[in-house]
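Heads up: the sequence lines are chains A and B, in that order.
According to this note's numbering, the first sequence is numbered sequentially starting from 1.
According to this note's numbering, the second sequence is numbered sequentially starting from 1.
Any given hint could turn out to be false.
Just so you have them, the derived chain A footprint on chain B, three or more residues with Cβ under 8 Å [what the hints assert, rightly or not]:
| # | region |
| --- | --- |
| 1 | 151 to 160 |
| 2 | 282 to 291 |
Restricting the straight-line Cα-Cα distance to at most 20 Å, the calculated cross-link-like pairs of lysine to any residue (SDA-like) are [what the hints assert, rightly or not]:
| # | chain 1 | residue 1 | chain 2 | residue 2 |
| --- | --- | --- | --- | --- |
| 3 | A | K596 | A | S2 |
| 4 | B | K127 | A | N678 |
| 5 | B | K228 | A | T688 |
| 6 | B | K36 | A | R449 |
| 7 | A | K309 | A | V196 |
| 8 | B | K36 | A | S134 |
| 9 | B | K2 | A | T445 |
| 10 | B | K228 | B | R113 |
| 11 | B | K2 | A | A144 |
| 12 | B | K2 | A | D135 |
| 13 | B | K228 | A | A137 |
| 14 | B | K36 | A | E136 |
| 15 | B | K228 | A | V686 |
| 16 | B | K36 | B | A121 |
| 17 | B | K228 | A | D135 |
| 18 | B | K36 | B | F4 |
| 19 | B | K36 | A | K407 |
| 20 | B | K36 | B | R58 |
| 21 | B | K36 | A | A144 |
| 22 | B | K228 | A | E295 |
| 23 | B | K2 | A | K309 |
| 24 | B | K2 | A | A91 |
| 25 | B | K80 | B | R113 |
| 26 | A | K407 | A | Q192 |
| 27 | B | K228 | A | R449 |
| 28 | B | K228 | A | K309 |
| 29 | B | K36 | A | L142 |
FYI, nobody ran anything at the bench for these hints, they're computed from the structure.
Given the structure is predicted, the values throughout are model-derived calculations rather than measurements.
By construction, the Cβ of each residue, glycine as well, lies at the ideal position given by its N, Cα and C atoms.
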Amino acid sequence: MSPRVVRTRVEFEGEINDELSIIDGRDLPAWRGALDVVGARTPRVDGVARVTGRARYTQDVVLPGMLHARFLRSPYARARVLKVDASRALAIPGVHDVIHRTNAPKAAFRGEETIFRDEVRFAGDEVAAVAAVSDEALRDALRALVVEYEVLPHVADLEEALRDDAPRLEEKGNVSDSGKQDRGDVRKALAQCEHVLEATYRTSTQLHNCLESHSAVAHWDGDRLTVWESTQHVFGVREGLRAALRLPLSRIRVLCEHMGGGFGSKGGVGKYTIAASILAMRTGRPVRFVLDREEENLAAGNRSATLQKVRIGLRRGRIHAILHSSWSNAGQGRWVADPTGPTNSLYDLPDLKTRSYRVVTNAGSLSAFRAPGYVEGTFALESAIEELADRAGIDPLQLRLRHLAKKDPLSGYAYSDKRLRECYEIGAREIGWKARKRGGAPGSTPDRRRGIGMASQIWGGGGGPPAYATVHLNPDGTVVARCGSQDIGTGTRTVLAQICAQELGVDVDAVRVELGDTDSPYGPTSAGSLTVASVGPAMRAAAADARAQLLGTAAGILEVTAKELRVERGHIVSKGTRTPIKEIFDQLQNYTVIGKGSRFPNPERIAIKTFGAQFAQVEVDLGTGEIFVEHIVAVHDIGRVVNPLTAASQVQGGIVQALGFALTEERVVDRGTGRVLNADLEAYKVPTVRDVPRITVRFLDTPDRRANSTGAKGLGEPPMIPTAAAVANAVANATGVPMRATPMTPARVLAALGAR
Amino acid sequence: MKPFALARPATLAEARRLAREATPLAGGTDLLGLMKAGVAAPPRLVDLTGVGALRGLRRERGRGLRIGALVRLAELEEAKDAPQVLREAASLAATPQLRATGTVGGNLLQRNRCWYFRDEAFPCWLKGGARCFARHGENRYHSILGVEACVAAAPSDLAPALIALDARAALVGPRASRTVAVADLYQAPREGVRDEHTLRPAEIVTEVRVPEASLARRGVYLKQMERKTWAFALVSVAAAARVHGGQVTDVRLVLGGAAPLPWRAREAERVAEGTALDERVAAAAGEAAVAGAQPLEHNAYKIVLARELVRRALLRLVT
Chain A
1 MSPRVVRTRV EFEGEINDEL SIIDGRDLPA WRGALDVVGA RTPRVDGVAR
51 VTGRARYTQD VVLPGMLHAR FLRSPYARAR VLKVDASRAL AIPGVHDVIH
101 RTNAPKAAFR GEETIFRDEV RFAGDEVAAV AAVSDEALRD ALRALVVEYE
151 VLPHVADLEE ALRDDAPRLE EKGNVSDSGK QDRGDVRKAL AQCEHVLEAT
201 YRTSTQLHNC LESHSAVAHW DGDRLTVWES TQHVFGVREG LRAALRLPLS
251 RIRVLCEHMG GGFGSKGGVG KYTIAASILA MRTGRPVRFV LDREEENLAA
301 GNRSATLQKV RIGLRRGRIH AILHSSWSNA GQGRWVADPT GPTNSLYDLP
351 DLKTRSYRVV TNAGSLSAFR APGYVEGTFA LESAIEELAD RAGIDPLQLR
401 LRHLAKKDPL SGYAYSDKRL RECYEIGARE IGWKARKRGG APGSTPDRRR
451 GIGMASQIWG GGGGPPAYAT VHLNPDGTVV ARCGSQDIGT GTRTVLAQIC
501 AQELGVDVDA VRVELGDTDS PYGPTSAGSL TVASVGPAMR AAAADARAQL
551 LGTAAGILEV TAKELRVERG HIVSKGTRTP IKEIFDQLQN YTVIGKGSRF
601 PNPERIAIKT FGAQFAQVEV DLGTGEIFVE HIVAVHDIGR VVNPLTAASQ
651 VQGGIVQALG FALTEERVVD RGTGRVLNAD LEAYKVPTVR DVPRITVRFL
701 DTPDRRANST GAKGLGEPPM IPTAAAVANA VANATGVPMR ATPMTPARVL
751 AALGAR
Chain B
1 MKPFALARPA TLAEARRLAR EATPLAGGTD LLGLMKAGVA APPRLVDLTG
51 VGALRGLRRE RGRGLRIGAL VRLAELEEAK DAPQVLREAA SLAATPQLRA
101 TGTVGGNLLQ RNRCWYFRDE AFPCWLKGGA RCFARHGENR YHSILGVEAC
151 VAAAPSDLAP ALIALDARAA LVGPRASRTV AVADLYQAPR EGVRDEHTLR
201 PAEIVTEVRV PEASLARRGV YLKQMERKTW AFALVSVAAA ARVHGGQVTD
251 VRLVLGGAAP LPWRAREAER VAEGTALDER VAAAAGEAAV AGAQPLEHNA
301 YKIVLARELV RRALLRLVT
């Protein structure tokens, strides 16, 4: 069969796109029956390398003659750069190069022609880049750069940017449409309701704070550019460099063997990558460009702050209508993640109107952040539903069950699989939902009240093409599997080794997975919870191809037909005889089996989603406003679980990050200057180990055989989505007061209690 | 960070001489951060950690508890001879790593945490500038009591506890030595006095002493944070008193995080003094503690916290 082109639906970060896909051959049928390698608790194949320091991250790359580079960043939230005088900086010993607006080559970056704009648009925007032999020389050089600015009026705060008298940052104003959905007649439906809840929700800007900061090391040998980058998408970085530097793809190689987290913020090429490459090409020396923690928190992305207004009405025990509008602080970003996504797709709601707006401000740009939009939107939606149910005296879980969607409300398609009801049942049992009372329960001290709350999760995670893999079978029976995907820290390398080993019939230990190299077959971005569902089937197909070739070869050597043979734990098995793969190859010298596989299209007219529910038990100190999260129960429906160990880690990590969003994390910006006041890890508060409660993780672990050949869906983002809403609902249950803003600090809880 | 000269004396006499022209450095957990941020740029540092005379924590018969300025917070936290209120305060400060490095002297003399003060880009009043950016800016962590020209809040956990114990600090200067009440190490920055501390030029804190009489007091330290650990106090309170025959005397109530200096809540002390502490008295003392509070735009919640922590701390003294 020759390759053919088909159209397929792929969901990415809440957006569904029709994409062209090339398919070659026939997809494998979904796995049936019991599997022994896939589904087994498997420690990370690179765990020892990571904890012993042997694993090489971008920041560990040291090359002979390497220079260090940093940006000079704007101290102003908005200003025109009139002049950059680098003469004093260049006179400092050890300083090799300075590039800025007037001397840097054109380099396309996100729709603009240069990485240094004439108008800087947030405090921290890039003005110039310096390369020097040491960090000390660099810092001296940055202080010696003389820049003349014409300061312009700015606005950094979301709600200030909405006001009529705010400085206009774009020709069409500060607000632009970024999503809408209409179903039925909301105005009429609301008028018929017996209970209507009208509420305003606010979420704060959350910063990614990856353990490893954004960084790149660029090496130019006069012909080829090699870039080591801490990235979620080596191919994306390669494409970004191609566009910026106008080099052919064959002369750019991007590498990311290990990385220390991305959470959405490392989706493509950065200004620092381009600057490092330009500086390397200009100086003829390798250039290392590492952002420090402050720069991470000024200019490396964030989860937008949102303002959300919800009107939701109940009639005859059912949600009759919902109106949900959201404004997101995009900073200088060109898009926003849509917080109304869950409202549009989670429940069967006949009358619905949602609007989403992007608000531009003089603040650092948003970037994707683990379930962008859905974390913020679920907080509003699921808080509103629980409050409405309580007001009407309906059990909030029962109200949700009344609106369980039987098909995807957006497309009208049936689901490939959906087990949300079972998630509810398991979670409710684990948390003791039956004992929930309106108004909560006494706490462990007279000052405290206890409450429980819940929230639902919907997300994509179905993945799709393109994704490719190759499987090289060595003469000794070991395997090198390759894919241009990357391990963002979730255990991709381990999970792909399991899938390869399962299909091929070898032990996991025999498989080495090579990731993070654009000289490998294409792998998609490690984002959108799509890696396992996209790359997994490609890896399985490559292993199946290698196995078929191996069996054909073995059949010839053993003088039987291939049909009589199978591969089992590194052996060719035939009617009771077991021959190690190595022995087959011993007779063939350096014969190499190269299997290749690709991801096939998604099934037509089917909606592939992940679902889940989380339940929270909290205590609240009514005197101090302090929240004590005691227990989170997380139940997620993600199809087959390839590795229960790394999957549980994913859920725990997502919940901890969500607890930060819910309770402690908030970027604070000075309105007068637009400067971030807490761009360090002391003042910006991520959860500590003491902030982490007991977490119970459950999976339904039922293969979604219609989704793809592995039956597995994504898990990166789902666990982060419902936590904040579940905690807020538990706090509301404990105190009798709704919590409508994150993070729920003592100050906010006391304010809510005081307003009772 | 600007280059600097570092001297490492082994004796107090040498340190004293060097300190005339250099900034003392102990654990460095505060000073180095200020230097990296570009807020402090001392050309010379004198590292005190080699001076043995500044070490050691011991009970001295009749003379109370002597705590060397170089005693680490982690040592204080574990010291069985130290009063409970002080150990609690030490244990609630920072993180295990920081407590293993930070010293008693350094904790008492750390600069405030105001984010405008700590950002080189803001020429704030305390740094010699013309205005206080926090007064009408982002001031959720700032003071509700005792504000003059600067609204930053006193950050130390140890200071309220030591003041509640009437502790005294020994200082050596270039020519003279003196002892002062720990409370007198602090002042509200005001016109002509752009500093949170009262040390004279080149003075070094050598030790802190908890008087014998205070060791008989019961004490408690409560600290409200924004996360469960590793955070400065939104508000903290150190309470200490003699509890005898159902009556409390020598009541001390000292707030942290609420004023530009560790704040003696004297009205609240008077309300509680000599009473058999009960719910009613504790609540009244809580009210008295915040009677003069003047919140800024974003920190009124601290009034609620201070009132509540004072009430709870007093009740804990008698339960």
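Evaluation of the provided hints:
With a threshold of 8 Å between beta carbons, the proposed coverage of the region 151 to 160 of chain B by chain A is violated, since 0 of its residues qualify and at least three are required. Beta-carbon proximity to chain A at under 8 Å applies to 0 residues in the region 282 to 291 of chain B; the threshold of 3 is not reached and the given coverage is violated. The hinted pair formed by K596(A) and S2(A) meets the criterion: a straight-line CA distance of about 15 Å does not exceed 20 Å. At most 20 Å may separate the alpha-carbon atoms for a hinted pair to count; K127(B) and N678(A) meet this at roughly 19 Å.
Distance restraint check for K228(B) and T688(A): the Cα-Cα separation of roughly 7 Å lies within the 20 Å cut-off, and the hinted pair is therefore satisfied. A distance of roughly 44 Å separates the Cα atoms of K36(B) and R449(A); the hinted pair therefore is violated under the 20 Å criterion. Simply put, K309(A) and V196(A) have alpha-carbon atoms about 13 Å apart, close enough for the 20 Å limit, and the pair holds. Between the alpha carbons of K36(B) and S134(A) the distance comes to roughly 16 Å, so the proposed pair stays at or under 20 Å and holds.
For the hint pairing K2(B) with T445(A), the CA-to-CA distance comes to about 52 Å; that exceeds 20 Å, so the pair is violated. Among the hinted pairs, K228(B) with R113(B) is consistent with the structure: their alpha-carbon atoms are about 18 Å apart, no more than 20 Å. Distance check on the hinted pair: K2(B) and A144(A) sit about 13 Å apart at the alpha-carbon level, within 20 Å; holds. Proximity of K2(B) to D135(A) is assessed by CA-CA distance (about 12 Å); at most 20 Å being required, the pair is judged to hold.
Among the hinted pairs, K228(B) with A137(A) is inconsistent with the structure: their alpha-carbon atoms are about 40 Å apart, more than 20 Å. Between K36(B) and E136(A), the direct Cα distance comes to roughly 12 Å. Compliance with the 20 Å bound is thereby established for this hinted pair. Restraint check for K228(B) and V686(A): the C-alpha separation of about 11 Å stays at or below 20 Å, so the hint holds. The straight-line distance between the Cα atoms of K36(B) and A121(B) is roughly 13 Å, inside the 20 Å bound, and the hint therefore holds.
Annotation: proposed proximity of K228(B) to D135(A) is violated, straight-line Cα distance about 35 Å (limit 20 Å). The hinted pair formed by K36(B) and F4(B) meets the criterion: a straight-line CA distance of about 12 Å does not exceed 20 Å. Between K36(B) and K407(A) the CA atoms are separated by roughly 57 Å; this puts the pair beyond 20 Å, and the hint is violated. Simply put, K36(B) and R58(B) have alpha-carbon atoms about 35 Å apart, too far for the 20 Å limit, and the pair is violated.
Note on K36(B) and A144(A): the hinted pairing holds, with a Cα-Cα distance of about 17 Å set against a maximum of 20 Å. At most 20 Å may separate the alpha-carbon atoms for a hinted pair to count; K228(B) and E295(A) exceed this at roughly 26 Å. Restraint check for K2(B) and K309(A): not satisfied, since their Cα atoms lie roughly 50 Å apart, outside the 20 Å limit. Annotation: proposed proximity of K2(B) to A91(A) holds, straight-line Cα distance about 18 Å (limit 20 Å).
At most 20 Å may separate the alpha-carbon atoms for a hinted pair to count; K80(B) and R113(B) exceed this at roughly 31 Å. A distance of roughly 26 Å separates the Cα atoms of K407(A) and Q192(A); the hinted pair therefore is violated under the 20 Å criterion. Between K228(B) and R449(A) the CA atoms are separated by roughly 18 Å; this keeps the pair inside 20 Å, and the hint holds. As the CA atoms of K228(B) and K309(A) are separated by approximately 31 Å, the hinted pair breaks the 20 Å bound.
About 15 Å separates the Cα atoms of K36(B) and L142(A), which keeps this hinted pair within 20 Å; it holds.
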